[in-house]
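Okay, here's what each chain looks like letter by letter:
There are 4 protein chains.
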Amino acid sequence: MQHIFEEHESEVRGYCRSFPAVFASAKGAWMTDTEGRRYLDFFCGAGVLNYGHNPDRLKQALMAYLMRDGITHTLDMYSEAKGQFIERFQQLVLQPRGLSYKLQFPGPTGTNAVEAALKLARKVTGREQVVSFTNAFHGMSLGSLAVTGNSFKRAGAGVPLNHATFMPFDGYMGSDTDTLDYFESVLADNGSGTQHPAAVILETVQAEGGVNVASADWLRRLREITQRHGIVLIVDDIQVGCGRTGGFFSFEEASIVPDIVTLSKSLSGYGLPLALVLIKPELDQWTPGEHNGTFRGHCPAFVTATAALEYWRDTQLQEAVASKATLVQTRLQRMLQQHGIKGTVRGRGLIQGVEFADAGLAQRVSKACFEAGLVIETAGINDQVLKLLPSLTIREGELAQGLDIIDQGLQQALDDGLRRAA
Amino acid sequence: MQHIFEEHESEVRGYCRSFPAVFASAKGAWMTDTEGRRYLDFFCGAGVLNYGHNPDRLKQALMAYLMRDGITHTLDMYSEAKGQFIERFQQLVLQPRGLSYKLQFPGPTGTNAVEAALKLARKVTGREQVVSFTNAFHGMSLGSLAVTGNSFKRAGAGVPLNHATFMPFDGYMGSDTDTLDYFESVLADNGSGTQHPAAVILETVQAEGGVNVASADWLRRLREITQRHGIVLIVDDIQVGCGRTGGFFSFEEASIVPDIVTLSKSLSGYGLPLALVLIKPELDQWTPGEHNGTFRGHCPAFVTATAALEYWRDTQLQEAVASKATLVQTRLQRMLQQHGIKGTVRGRGLIQGVEFADAGLAQRVSKACFEAGLVIETAGINDQVLKLLPSLTIREGELAQGLDIIDQGLQQALDDGLRRAA
Amino acid sequence: MQHIFEEHESEVRGYCRSFPAVFASAKGAWMTDTEGRRYLDFFCGAGVLNYGHNPDRLKQALMAYLMRDGITHTLDMYSEAKGQFIERFQQLVLQPRGLSYKLQFPGPTGTNAVEAALKLARKVTGREQVVSFTNAFHGMSLGSLAVTGNSFKRAGAGVPLNHATFMPFDGYMGSDTDTLDYFESVLADNGSGTQHPAAVILETVQAEGGVNVASADWLRRLREITQRHGIVLIVDDIQVGCGRTGGFFSFEEASIVPDIVTLSKSLSGYGLPLALVLIKPELDQWTPGEHNGTFRGHCPAFVTATAALEYWRDTQLQEAVASKATLVQTRLQRMLQQHGIKGTVRGRGLIQGVEFADAGLAQRVSKACFEAGLVIETAGINDQVLKLLPSLTIREGELAQGLDIIDQGLQQALDDGLRRAA
Amino acid sequence: MQHIFEEHESEVRGYCRSFPAVFASAKGAWMTDTEGRRYLDFFCGAGVLNYGHNPDRLKQALMAYLMRDGITHTLDMYSEAKGQFIERFQQLVLQPRGLSYKLQFPGPTGTNAVEAALKLARKVTGREQVVSFTNAFHGMSLGSLAVTGNSFKRAGAGVPLNHATFMPFDGYMGSDTDTLDYFESVLADNGSGTQHPAAVILETVQAEGGVNVASADWLRRLREITQRHGIVLIVDDIQVGCGRTGGFFSFEEASIVPDIVTLSKSLSGYGLPLALVLIKPELDQWTPGEHNGTFRGHCPAFVTATAALEYWRDTQLQEAVASKATLVQTRLQRMLQQHGIKGTVRGRGLIQGVEFADAGLAQRVSKACFEAGLVIETAGINDQVLKLLPSLTIREGELAQGLDIIDQGLQQALDDGLRRAA
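Protein chains in written order, with my numbering: chain A, 254 to 675; chain B, 254 to 675; chain C, 254 to 675; chain D, 254 to 675.
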């Protein structure tokens, strides 16, 4: 079937080149291709499948809804499915965490949520500039791309990307320098050339950017600085929210409360497109219809999203993530030692990465793993980081199995490297 | 249940203010709210539901796919569901029309498709400016918003929107002036101040802009001018493609072949988010991953989209649209006469509008209709146009019923107007 | 001496390529090169020398000032020389015309005056967009270049030029269409995509753009439209002010009062750099130092500018311009007839142009004239217009002499053309 | 006479508010107002009068030129006066320093020179972004303003200023951090969000920015980085060139060769507007007329500029600057000690500044000095620096006299401060 894609699909297609199988079905941590071959999934659709593929609780809710001809598409009119989601989100997510946010459902993609967040921050402050960080990734439409660091993606715009200023992310200037010192100087200095910003936008763990983790202290200081200077703090939790780092929100651990939060990817829990912008009530200064879009009321996604919230009834999932995270980190550290490879293991919860000193190694490992039946991606501007993104609900045995494959893949990539060098 | 939305949903919500019901289920041309009240739908989710709500053929295909745990989310990896859609789209849409396009699946919203199209046109030509038309509507993310005419939406950007030049749409300078004369002068004159554009983007029928119809002659001349000047012609068929004007594409009637076409809304046929960019093979100069997004491979939407293509096996649907269009136009004309109201009826296929000389009338009619159980929207920069967008598969009896409600709504709005004036 | 320039001066040098002599001295209407050859001047340094080269009255004032060590440079501190200029400008220019303007002296170039005017208009209105016209020329720094039509000059920016919208100048759409109809539609339509502008900037006669003359009616309507819509009207009188069209200001004839006027070129009367922005008092909302520059207080230029104002004590100069203008126009018309050439004569006062149907002819005539001892330039985006810009104080005999040279140059250019064709 | 200015001159006027006298004549280091009061000049028109007011050698050359009706204005046609300047500039400035540059004469202001330099750097590299430094000052037209740090001036633009990235100047992050480390990281990292720049532009001593001095080591490293990354290095020597720091160019001491150099202010030596862009021959890729302007050939300025070059026949001036600089620095240091004030003295050659810990002190000193007959300005974003900019040719006695006045002014400002506090 691959010839169909090669003949008719645009050259822009990407992941299919790294993982050249035609997938047909999937369940839990496993994907199956049209030839019946099974793959363990350590990628989870770039963080969309935190609860695994086609989880039964969600599937049942979705099928029941479709069966009874629940309304599917309502733009942003009221629907029963949306009402139920909002209600449960209040009960299971916001209230227990003492958070008070208004909910905006923009177009059902992460980039649309970011566009909405940036618009609102600009409107509320009357300012234009937005501060983003080195190696940030926020999306591909022009507003989001302007705050994304990757120069290859930026060049794709075909027009200059303005109204964004990049500051060094935590750790960018070495471990001795708190990069927020520079940010504070620039803010305090009317001659710095940097316009007072409307907002700061960041991922607490930069996923695409190379699994770069902001420390809790750094996040707290950033919250304090932005508060003091009247700058809207936007946490883009699209990839590392919905439990990826342990808590529902990735910023919980630092005990900060952002002004705006963007969510998408794992929000529907079933791979159905859905996005959400959380807005502090006092910032909800939208005029009706000021930001719109067609698919703001995609009810099947609300149905599965509501079912997925049941994972947050108790702390079981969060605890499981913590214990699996330890397992992953320990094992990765050991691999580096055993194979005598220079590298760094970093991450939070079930987003973990290994940055290899040998820049090409991560890609060779990813390739070897795929051949051995494990889907695992690389990250970082030079694909120098092997990124582990298993589902949060993966069984410990499956997790160990995947780590074994990585271990072997690493050995194979090293052997290949030696062979090639010889 | 409305209080949930009023308390917790952002002020940005819009359509729910015009149609304040909480919808629960829907079938064919009918929507039902939580109180069991039924509404005839002449709005179709802004053109998303060309085949009506929850059409059975699509529903069956979707439920079967979910039941067997067909893979849901694959980013842009290959999937069986995508392969089948591509194949059928070739067979039933492109080949019969002699069209040769590569397919790009961007993020599943119209604005994302437009962003992709603009990026590609800029890349291929190495130019930045894009020509758009007065009262155009192409989306809300910054790239698409820059080519959208509505000043309220534009102001929402919070930053200047550049690299777009607006030209007068067909008819904008009165019936005596061919607006393309001006466009040609500007293109030919190196002193005009207007940069040679990468692309021209347009809707053949401007829906949001007020049901403004470009004539076939004008479209042909525009195609000829853009070809001669090496400008990429992008037809944004998001709202009026997928059969809305009769043919699958709205530009078929003018016998032109755009360089790029964007589709979304009714593409999945079931209200599931999906978008598609059609690209002439020689323009498919994307580098892998140059434009990406999470939800490029949302398989349930491919499944329903494939099932929806079966409507295009023969010309039955196209013929039905033509005959219903005549019915609608005739009836609307008659209403104007009978009520002695000044106004213009215009449209193509099953997008029809009445622009009233009395600017507030359309909104009063819409309100009266909703109270009588008909969902119908207004359009145009001052909401001066009543826009009819029934499903293509609506029964003739239902269509007549809806037109009756409009007729009464018109009477009521006029009576109210008189009462208020008195 | 030419080798010095060819070796050491940048390739950007331009006019020296059309008029390759090394000039040493000049007086009245005549320039003399280092070889002693004399040239009659119908170009006047692009409108800088309205009163001829080194006019004695100004020369004496200047030398006396230098002799007594009058202060030369004061930034924008107060100086006696500036005070005297301001006083006389009030008495001889503003008061007699019933005009009330505040005076701003920006950096001493036209482009700096335009930059200041645009900044102020944007500040006062809080809007960003500025409307300019096809074939406008306002300067080379980025702000001025953005409102300049010439695409070759614009490309020189190396960055996109934004916040400017071009409208068709008077006559651009043929003699049947009032181009302001289109401008008014766009202003009235919130869906036009054209942001409500801060200002409209224009030359009443476009000099570089090809001697395009706006009619008095068109100017009056433009003044009325801008007033009604709260748009700042800026007349750029840098090239055609200071008497070039007859009155001191080019807009006097249309009896309009712009909100802001820019002057430079002939303002000092002696070729010394000086620029002036006239601002309606209610628009003078500058904060001290908000726009600055080093050479705002160049006293020698104030001294000659004050002396030059004496030309405006009575109406003698204005009358002389009118009678010379008639002479020039009559003669040019006759030449076209006698040589049987298709072309248009147009202009106001002593800026007159001939647009030839044969696009290359103007340049050939200019070249032939220079060889015969007359300096005369071309204009228009394709250099298709021969532009006559003699000094206002030229003697009638000299004027006739120059016209004779043009007559012969025309004959020669036609003969050359025929020879080349044969 | 002050009422004339107050009534008729725009509110934008600035320096006249700090130094409210009406100046009439000037000679050497002294200015005289209309009341006959004399002022010692430690400001020199912001660096325009390096050779003092109306120096006799230049005056004589200028008067002789005017007397014999030397041509004044030639646009960029060849003139004898320009030819002579170019020749002497080669002989006395470029050749002795082993420098090879092409000369471009843009419009006669610093901002115009900067606009030309930026355009050329963008053209040559095909890139758009320009790196500038915190507290940089390069001019007021939109291109130059975009690379200027001062937020008040930037806000004056009324439009966003783009295509500029600010980096920390030498010393900005404290004495322990080499700010070029950050710049290098950003350049090396394709995910940094900072586009690879066309150029870096800087002043080696930031004058307006607060007399911030870049060290020779830092400059050398910057030259090395820009060379390695193919970035055009532009030194803006408008304020600190022409001998201000000792050598003719301020970058001589660091033994670096910039790709482009801008000069203006003291270039004509007599306060006549003139500007010059020096371009490495291989970068002189201008197309004829690509950047133009009216006053590119202002011959009186060429005449005085040529006469001024005689100061550079030998090293006398440079040596005098060095010894006067020592005198100034020693004396300023002593003042701080004697008055027991916290502050820093910094500068190079005859641009010296004192940054006081008490932010308002510099302005109070400047005011007290003016009352005592000394013109001296403040600098820095909060006017926290007292800036000494005496002429290079000032007599040692005059220099001492001025320093005495500062000493007393300091005492008075301190006394006033105490009184106010009491």
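Honestly, the hints are just simulated from the structure, not real lab data. Hints should not be assumed to be uniformly reliable.
Because identical chains share one entry, a pair is satisfied inside a single copy or across any pair of copies.
Claimed, not checked - Distance condition first, Cα-Cα at most 25 Å in a straight line; then the derived DSS-like pairs of lysine-lysine:
| hint | residue 1 | residue 2 |
| --- | --- | --- |
| 1 | Lys-406 | Lys-355 |
| 2 | Lys-620 | Lys-406 |
| 3 | Lys-406 | Lys-533 |
| 4 | Lys-595 | Lys-533 |
| 5 | Lys-312 | Lys-595 |
| 6 | Lys-376 | Lys-620 |
| 7 | Lys-533 | Lys-355 |
| 8 | Lys-312 | Lys-533 |
| 9 | Lys-376 | Lys-533 |
| 10 | Lys-620 | Lys-280 |
No experiment lies behind these values; they were computed from the predicted model shown.
Hints, verified against the model:
Proximity of Lys-406 to Lys-355 under the C-alpha cut-off of 25 Å is restricted to the inter-copy arrangement: shortest distance 21 Å between copies versus 32 Å within a copy. Only within a single protomer do Lys-620 and Lys-406 lie at most 25 Å apart by alpha-carbon distance; the minimum there is 23 Å, versus 46 Å between protomers. Within a single copy, Lys-406 and Lys-533 get their C-alpha atoms only as close as 31 Å, which misses the 25 Å cut-off; across copies the closest is 22 Å, which meets it. Taking the closest pair of Cα atoms, Lys-595 and Lys-533 never come within 25 Å of each other, the shortest separation being 44 Å inside a single copy and 45 Å across copies.
In the homo-oligomer, the alpha carbons of Lys-312 and Lys-595 never lie at most 25 Å apart, since the shortest distance is 44 Å inside one protomer and 53 Å across protomers. Taking CA atoms no more than 25 Å apart as the test, Lys-376 paired with Lys-620 passes in neither setting, with 46 Å inside one copy and 31 Å between copies. Taking identical chains as interchangeable, the C-alpha atoms of Lys-533 and Lys-355 lie at most 25 Å apart only when both belong to the same chain, with a minimum of 6 Å there against 43 Å between chains. When the C-alpha separation of Lys-312 and Lys-533 is checked against a cutoff of 25 Å, the pair qualifies neither within a copy, at 32 Å, nor between copies, at 39 Å.
In this assembly of identical chains, Lys-376 and Lys-533 lie within 25 Å of each other by CA distance solely inside one copy; the values are 14 Å within and 32 Å between copies. Taking CA atoms no more than 25 Å apart as the test, Lys-620 paired with Lys-280 passes inside one copy only; the shortest distance there is 23 Å, against 47 Å between copies.
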